[in-house]
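Here's the letter readout for the chains.
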Amino acid sequence: MATSSDILYSVRNLTVEYETRHGVVKGVDNVSLDIRRGEILGLVGESGSGKSTLGKAMMRLRNGSARITSGELWFDGQNLMELSERQMRDLRGSRLGMVFQDPMTSLNPVQRIVEHLTETMLTHEPEWTEEEARARAEELVERLGIRRERVKDYPHQMSGGMRQRVMIALALALNCDLVIADEPTTSLDVIVEAKFLDLLKELRDEFNLTILLITHNIGVVAEVADRVAVMYAAKLVEIGDVNQVFEKPLHPYTEGLLKSVPNIELDSGALYKMEGSPPDLSSPPPGCRFHPRCPYMMEEVCPIYDPPFAPPEGASEDTRVACWLHHPHPQKVAIGA
Amino acid sequence: MNLPVQDQETAVPQWEEELARVGFVRRLLRARKWYGADWWFVAISSVMVLAFIVVALFPQWFAPYGPHEQVGPRFLAPGETPDLPLLIVRADSGLSTLEDLATGPDDEVSRPPIAVLRGAPTAGALREQAALLDDELQESDSGLRLRPNIRRYDTVEEVLQAVQEGEAFAAVLSSVQYEEAAGQFPDLDAPSDISGGVASAGDFLLGTNQIGQDVYSRLIWGTRVALIIGFSASLVALFLGVPLGLVAGYAGGKIDRVMTVFMDSLYAFPGLILAIAITAVLGPSILNVIIAIAVLYIPTYYRIVRGQTLSVKQEVYVEAARSIGAKPSTILRRYIYPNVIPSVSIIFSVNIADAIITGAGLSFLGLGLPPSTADWGIDIARGQEFIQTAWWLVTFPGLAIMLVVLAFTMLGEGLTEILNPKLRDR
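One line per chain: the protein sequences are A and B, in this order. Be aware that the first sequence starts at 1, since it is given in my numbering, and climbs by one per residue. Be aware that the second sequence starts at 1, since it is given in my numbering, and climbs by one per residue.
Bear in mind the hints are in silico, worked out from the structure with no lab data behind them. There may be inaccurate statements among the hints.
Some chain B residues near chain A, calculated using beta-carbon distances under 10 Å [as the list claims (entries may be wrong)]: (1) VAL54; (2) PHE58; (3) PRO59; (4) LEU310; (5) GLN314; (6) GLU315; (7) VAL318; (8) ALA321; (9) SER323; (10) ALA326; (11) LYS327; (12) THR330; (13) ARG334; (14) PRO338; (15) ASN339.
Beta-carbon label-pair distances, calculated as ranges [said to hold, decoys possible]: (16) B/SER329 <-> A/PHE207: 58 to 64 Å; (17) B/GLY252 <-> A/GLN157: 30 to 36 Å; (18) A/VAL190 <-> B/LEU235: 49 to 55 Å; (19) A/ALA135 <-> B/SER329: 23 to 29 Å.
Derived lysine-lysine pairs resembling DSS-like cross-links, with alpha carbons at most 30 Å apart [stated by the list, open to error]: (20) A/LYS273 <-> A/LYS26; (21) A/LYS248 <-> A/LYS195; (22) B/LYS313 <-> A/LYS26; (23) A/LYS26 <-> B/LYS327; (24) A/LYS259 <-> A/LYS26; (25) A/LYS152 <-> B/LYS313; (26) B/LYS254 <-> B/LYS327; (27) B/LYS313 <-> B/LYS327; (28) A/LYS152 <-> A/LYS195; (29) B/LYS254 <-> A/LYS26; (30) A/LYS248 <-> A/LYS201; (31) A/LYS248 <-> A/LYS273; (32) A/LYS152 <-> B/LYS327; (33) A/LYS259 <-> A/LYS201; (34) B/LYS313 <-> B/LYS254.
Just so we're clear, the structure is a prediction, and the values are computed from it rather than from any experiment. Every residue, glycine too, gets a C-beta built ideally from N, C-alpha and C.
All chains should be built: construct the whole structure from the sequences, respecting the hints.
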């Protein structure tokens with residue numbers, strides 16, 4: 001499949017399955033997603049919606065018993081699914097970087113910071129000397145606002161924010177094209193979080209990064225992302241420009257998510273609470289997976305037919321939503337099908 | 001539910017309440033926490049371990065005799081003065097050893113008279129020793145001979161009287177006989193025993209065994225064998241068990257299953273019996289004992305390392321390492337191994353203790369080590385037939401084993417308590 005030049009990473013019909021005691025569970029179900037060069041794409045969803053599984057699958061990392069069963073991963077013109085594990089290793093760290101959720105546990109406790117960085121560099125650029133790598137590591141760490149001397153520290157001697165910056169430094173060490181940040185700010189306090197997000201934006205411009213920001217915090221997305229993708233029960237339900245999604249969410253789930261965020265200006269008393277809970281993925285509800293919780297549920301359609309993930313009527317190609325409210329004549333489609 | 005009414009007034013500290021609820025032994029164990037006893041455990045046991053290592057490295061500094069030397073009378077109890085045949089001379093005679101009585105062709109008296117007690121075994125000892133010295137003198141071509149003219153008297157007093165009056169140049173009496181009568185003859189002196197040594201109480205601190213070897217010296221030399229077996233067997237087990245555990249834990253799947261079944265069956269086999277079987281097949285030598293014990297303890301390391309690897313493998317930093325493109329070998333070497341090894345170092349110490357016990361058990365059974373080796377297990381085995389008459393033959397090697405094992409176990413357990421925060425609050 002041909003990719004247009006401004007699309008860096010394209011996920012096509014990706015399905016990831018988990019083997020569990022209760023049978024096969026689809027953690028990611030037929031998801032397609034394009035990431036454009038130089039953008040920050042926010043991927044939001046509740047816990048267990050498959051965000052992290054998607055993120056790891058995009059690097060072809062196994063997450064427990066997860067297995068990619070179908071789909072294509074196009075990265076800069078090549079299909080990652082066709083690469084050998086060796087070629088994939090060469091790609092990881094040099095062109096695809098990942099920042100993990102918990103900076104407390106994502107660094108090797110027995111290795112110094114500088115060793116983490118030089119190891120990444122020397123793995124991919126064996127012709128570099130130790131000194132070159134060390135110098136570059138110090139430079140990088142300094143750029144991220146950590147004092148040069150601190151590279152000799154062990155991870156436990158650093159604060160959470162610093163460690164998370166070290167994780168970013170690992171991704172930047174070899175100028176990764178795409179950084180997949182899996183809930184990078186979840187374990188940071190708000191002030192550190194804000195700083196970290198600012199840094200992320202700066203780095204995007206400076207290093208020409210493309211960032212997939214996976215988070216359950218919709219506020220984080222509002223702050224830094226250019227576009228937003230919303231995931232619910234292993235499927236994408238909406239994707240669009242950040243302003244459009246926040247001002248005029250199309251999917252009822254997105255709407256619910258936005259309403260659940262406390263807002264000090266709109267003093268509406270009790271916080272909105274979405275009814276019900278996410279479905280059990282081992283036996284997802286038929287039709288639209290959100291229908292049991294949806295306030296706009298249409299009896300004749302939603303519980304029966306799975307809505308397509310397509311641009312709504314009259315909107316541009318950039319926006320896509322999986323909801324019968326926005327697709328033409330759901331009844332007709334239903335009857336036709 | 002009926003909750004007991006809580007007494008609000010008594011402000012008993014939490015830990016005292018906790019203590020009151022548990023039994024005596026557990027109370028002791030818990031009390032360690034508050035008195036910092038773990039540090040004492042580690043301090044005391046590491047001093048002990050170091051002392052044992054020094055003794056094992058330089059036994060000659062501590063042992064008065066070699067491990068195989070037959071140096072004294074048989075079955076001498078600890079602290080007992082050896083009842084040696086003493087050479088007794090006039091204090092002003094200038095003689096100090098039996099050799100000084102040797103005569104050349106120019107001397108007036110060719111056969112120096114030596115007084116002994118009639119019927120006492122000392123006469124025989126004197127004759128033997130003199131013949132020995134005479135042979136040596138003849139070989140050395142010095143022209144000197146030692147052919148004592150042995151004169152027998154009926155009482156100890158008469159013997160000593162003869163020396164005092166110059167009838168005899170010297171006398172040979174057992175030390176016990178001499179000590180009884182020595183007070184009456186202040187002019188006499190006992191400069192040495194007839195073999196030339198100077199015997200005194202405490203020469204054989206822990207007594208002697210059935211062939212006249214010094215128990216204390218054998219104990220000291222035995223430390224070397226015990227520690228060699230303990231350390232080498234544990235090291236061999238470690239060097240085989242750790243990599244196997246790492247590979248099995250990391251690879252998982254079939255490899256893991258096959259290896260775990262194999263290791264578990266090895267582990268389930270009664271330890272000493274397996275070691276007996278291996279040494280019986282391989283034949284007696286210290287190397288074979290080490291191999292047998294190492295095989296026994298490989299599963300210990302394997303199981304611990306495999307378990308740790310399984311849990312470390314799940315850590316985010318291993319996943320992160322994969323996400324930066326690290327090779328599996330790099331992940332094993334730089335990420336998993338250093339995080340697994342602390343728990344291994346702790347069991348290593350306890351393992352040495354186990355290996356020493358097993359080694360001693362093997363040699364007690366007469367397997368493994370050549371029978372003349374200075375080894376505690378062998379000493380106990382040899383001493384057991386005399387346990388009713390010579391308690392020291394089995395007691396001291398037994399105590400030595402106990403002390404070494406205690407030191408290594410205490411060190412290991414103490415370190416576990418201190419280093420493992422998960423155990424600390426139990």
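Verification of the supplied hints:
1. VAL54: violated, 32 Å
2. PHE58: With a minimum Cβ separation of about 36 Å from chain A (threshold 10 Å), the hint on B/PHE58 is violated.
3. PRO59: Hint on B/PRO59: violated, closest Cβ of chain A at ~39 Å, above 10 Å.
4. LEU310: This hint is violated: B/LEU310 lies away from chain A, its Cβ roughly 13 Å from the closest one there, beyond 10 Å.
5. GLN314: Constraint on B/GLN314 satisfied, holds at 8 Å.
6. GLU315: This interface hint holds because 6 Å falls under the 10 Å limit.
7. VAL318: Holds, about 8 Å.
8. ALA321: holds, 7 Å
9. SER323: holds, 4 Å
10. ALA326: Because about 6 Å separates B/ALA326 from the closest Cβ in chain A, which is inside the 10 Å limit, the hint holds.
11. LYS327: holds, 7 Å
12. THR330: Since chain A brings a Cβ to about 7 Å from B/THR330, closer than 10 Å, the hint holds.
13. ARG334: holds, 7 Å
14. PRO338: Since chain A brings a Cβ to about 4 Å from B/PRO338, closer than 10 Å, the hint holds.
15. ASN339: holds, 6 Å
16. B/SER329 <-> A/PHE207: 58 to 64 Å: For A/PHE207 against B/SER329, whose Cβ atoms are near 30 Å apart, the range 58 to 64 Å is violated.
17. B/GLY252 <-> A/GLN157: 30 to 36 Å: Cβ of B/GLY252 to Cβ of A/GLN157: about 33 Å, so the range 30 to 36 Å holds.
18. A/VAL190 <-> B/LEU235: 49 to 55 Å: About 53 Å separates the Cβ atoms of A/VAL190 and B/LEU235, which means 49 to 55 Å holds.
19. A/ALA135 <-> B/SER329: 23 to 29 Å: holds, 27 Å
20. A/LYS273 <-> A/LYS26: holds, 27 Å
21. A/LYS248 <-> A/LYS195: Judged against 30 Å, a Cα distance of about 28 Å means the pair holds.
22. B/LYS313 <-> A/LYS26: holds, 24 Å
23. A/LYS26 <-> B/LYS327: holds, 29 Å
24. A/LYS259 <-> A/LYS26: Holds, at about 28 Å.
25. A/LYS152 <-> B/LYS313: Holds - the C-alpha atoms of B/LYS313 and A/LYS152 are around 25 Å apart, at most 30 Å.
26. B/LYS254 <-> B/LYS327: Holds, because 21 Å separates the two Cα atoms, which is no more than 30 Å.
27. B/LYS313 <-> B/LYS327: holds, 14 Å
28. A/LYS152 <-> A/LYS195: holds, 23 Å
29. B/LYS254 <-> A/LYS26: Roughly 26 Å between the alpha carbons, so the hint for B/LYS254 and A/LYS26 holds.
30. A/LYS248 <-> A/LYS201: holds, 24 Å
31. A/LYS248 <-> A/LYS273: Satisfied, since the Cα-Cα distance of roughly 19 Å is no more than 30 Å.
32. A/LYS152 <-> B/LYS327: It holds: about 24 Å lies between the C-alpha atoms, which stays within 30 Å.
33. A/LYS259 <-> A/LYS201: holds, 26 Å
34. B/LYS313 <-> B/LYS254: Judged against 30 Å, a Cα distance of about 17 Å means the pair holds.
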